[in-house]
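> Numbering (UniProt numbering), first residue to last: 1 to 499.
One or more hints might be untrue.
[Claimed, not checked] Under the rule of at most 30 Å between Cα atoms (straight-line distance), these lysine-lysine pairs were calculated in the DSS-like manner: (1) K356 / K382; (2) K165 / K75; (3) K165 / K67; (4) K446 / K262; (5) K99 / K75; (6) K165 / K99; (7) K29 / K216; (8) K238 / K199; (9) K199 / K67; (10) K216 / K446; (11) K413 / K382; (12) K238 / K427; (13) K29 / K99; (14) K216 / K163; (15) K165 / K120; (16) K99 / K189; (17) K152 / K67; (18) K246 / K427; (19) K75 / K163; (20) K120 / K152; (21) K29 / K262; (22) K427 / K356; (23) K446 / K407; (24) K120 / K163; (25) K427 / K382; (26) K193 / K29; (27) K216 / K382; (28) K413 / K238; (29) K199 / K246; (30) K67 / K246.
[Said to hold, decoys possible] Label-pair ranges, simulated between beta-carbon atoms: (31) P473 / E426: 51 to 57 Å; (32) R129 / D357: 35 to 41 Å; (33) E197 / S295: 50 to 56 Å.
In case anyone wonders, no lab produced these hints; they're calculated from the structure. For every residue, glycine included, the Cβ atom is placed at its ideal position computed from N, Cα and C.
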Amino acid sequence: MMGVVSDFGQIATKWDLKNLEIRTMTVEKTLEPLVLQVTTLVNTTEPSKKKKGKSKRASALVASIEKATENFVIKGEQIAYENPDITQEMLAAVEEVRKTGDAMSMAAREFAADPCSSLKRGNMVRAARNLLSAVTRLLILADMVDVHLLLKSLHVVEDDLNKLKNACSQDELLSNIEQFGENAGELIKQAAKRQQELKDPQLRDDLAAARAMLKKHSTMLFTASKVYVRHPELDLAKLNRDFILKEVCAAVNTISDVAQGKSSQPTEIYSGAGELAAALDDFDEGIMMDTLTYSEEHSRQLLEERLESIISAAALMADADCTRDERRERIVAECNAVRQALQDLLSEYMSNMGQKDHTPGLDRAIDQMCRKTRDLRRQLRKAVVDHVSDSFLETSTPLIDLIECAKTGNEVKLREKADIFTRHAEKLVEVANLVCSMSNNEDGVKMVRFAASQIESLCPQVINAASILCVRPNSKVAQENMSAYRQAWEAQVRTHRSR
1 MMGVVSDFGQ IATKWDLKNL EIRTMTVEKT LEPLVLQVTT LVNTTEPSKK
51 KKGKSKRASA LVASIEKATE NFVIKGEQIA YENPDITQEM LAAVEEVRKT
101 GDAMSMAARE FAADPCSSLK RGNMVRAARN LLSAVTRLLI LADMVDVHLL
151 LKSLHVVEDD LNKLKNACSQ DELLSNIEQF GENAGELIKQ AAKRQQELKD
201 PQLRDDLAAA RAMLKKHSTM LFTASKVYVR HPELDLAKLN RDFILKEVCA
251 AVNTISDVAQ GKSSQPTEIY SGAGELAAAL DDFDEGIMMD TLTYSEEHSR
301 QLLEERLESI ISAAALMADA DCTRDERRER IVAECNAVRQ ALQDLLSEYM
351 SNMGQKDHTP GLDRAIDQMC RKTRDLRRQL RKAVVDHVSD SFLETSTPLI
401 DLIECAKTGN EVKLREKADI FTRHAEKLVE VANLVCSMSN NEDGVKMVRF
451 AASQIESLCP QVINAASILC VRPNSKVAQE NMSAYRQAWE AQVRTHRSR
């Protein structure tokens, strides 16, 4: 498990204070008024009626900036003394704000007294930049206090997980799990607060997923650990416990990474619009070509290759087990129609090469091509709907059959039911991939792919829980564990279906 940085100085070192990247909305909103005041002052061009007049507007802005700087100093000192771990760093940042604030005040008052002086304006601009940099550093350091507290809470949860892993008795396990529940709840609460403040949407998504995982898996961690402590002789019990422990540890590590500004999720495997939908969109864009620059050799090859790639993907969908016969025939027919429409279109482009304007025949061929790709899209989407309808018509039967068989203690029969359940899970994942392939909704695709990956990883553990119950059908902890995994599976399928 990844170690947590417990010393604030080490966190500050990892989080480069020379890099003034603002990561939270709180820092951004706190800084905005001062930025506005300084910018307004720097841009002051109030003409003076006298050659050497004073700017009342500039004087008022200077007073506002001085007051704001004083407030930052007071608040910074308060945070410094409330948090002994970071007192030294905060006081140094506060002193820098005070020093640059005094310099800004002096330069700004000199400018307010002589607003026509370009030299005094230049001095004020440099002082303003230094002040804004110092205040930004102070705010980022204050933000690190929240990160530090979050990581301290996380470190406690990591210790709890180590205790759970090494528990040897039911009493020890019960004591540890109770402590873990309290500390994990506090960590989830702090992570939720951090999630709301983060500016980066990817980091917000990572943190939301980690919080959900930690909350969702806590019950299974408890039941799987009880089974392992009660039945240490069963290899499956260890596999079951180790899987869920690994998932919880991964969630905790993600929270740690996000708190320090790093994205730990391999989200690129979930991101992006559906491949087939994107390929059809690209093809539709590609058929619109300039007849003056049309190249028969290059353009024909490019479009034909793109179309064949689309047709290959469509053929895979047509050949899928759950694709209905009439839908398969319609997809094949539409693929042939699209092929013919492309050849007709390319012939028209050949006839129009070098001409400035399109002929009516070329326009008709383009319209026909668009209609045919639209028809193919429609049939593919209907095939996806058919798959979804068939796959989610009866999602509970394979699981119920698996559990009921496990209760009988018939291991041979259980293997048959496990195979059926595995095929059912594979079908859910396959349908998810088909849905994604025809969707342009990137956020929706990302959620469906993630949900499918959860089903894929949970399936063998549900079977493990059933296998444990099968060899220990009278064990109360095995029954509780099976119930926990059943609830987790049903919840995941509901989530999958709702996407």
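> Hint by hint, say whether it matches the structure.
Here is what the structure says about each hint:
1. K356 / K382: violated (40 Å)
2. K165 / K75: violated (43 Å)
3. K165 / K67: Since the Cα atoms of K165 and K67 sit roughly 54 Å apart, the hinted pair is violated (cutoff 30 Å).
4. K446 / K262: Distance ~20 Å between K446 and K262 Cα, so the pair holds.
5. K99 / K75: holds (16 Å)
6. K165 / K99: With Cα atoms ~52 Å apart, K165 and K99 exceed 30 Å; violated.
7. K29 / K216: Answer violated: K29 to K216 is near 33 Å, above 30 Å.
8. K238 / K199: Judged against 30 Å, a Cα distance of about 40 Å means the pair is violated.
9. K199 / K67: holds (28 Å)
10. K216 / K446: Holds - the C-alpha atoms of K446 and K216 are around 20 Å apart, at most 30 Å.
11. K413 / K382: violated (37 Å)
12. K238 / K427: holds (28 Å)
13. K29 / K99: holds (23 Å)
14. K216 / K163: At roughly 20 Å apart (the allowed maximum being 30 Å), K163 and K216 satisfy the hint.
15. K165 / K120: violated (67 Å)
16. K99 / K189: violated (38 Å)
17. K152 / K67: Answer violated: K152 to K67 is near 35 Å, above 30 Å.
18. K246 / K427: Distance of about 26 Å is within 30 Å: holds.
19. K75 / K163: violated (40 Å)
20. K120 / K152: violated (48 Å)
21. K29 / K262: holds (22 Å)
22. K427 / K356: violated (52 Å)
23. K446 / K407: violated (37 Å)
24. K120 / K163: violated (65 Å)
25. K427 / K382: Distance ~17 Å between K427 and K382 Cα, so the pair holds.
26. K193 / K29: holds (16 Å)
27. K216 / K382: violated (34 Å)
28. K413 / K238: This hinted pair holds, its Cα atoms lying about 23 Å apart.
29. K199 / K246: holds (29 Å)
30. K67 / K246: Violated, at roughly 52 Å.
31. P473 / E426: 51 to 57 Å: Violated - the Cβ-Cβ distance for P473 and E426, about 27 Å, lies outside 51 to 57 Å.
32. R129 / D357: 35 to 41 Å: violated (57 Å)
33. E197 / S295: 50 to 56 Å: holds (54 Å)
Taken one by one, the earlier hints fail for this structure at numbers 1, 2, 3, 6, 7, 8, 11, 15, 16, 17, 19, 20, 22, 23, 24, 27, 30, 31, 32, listed in ascending order.
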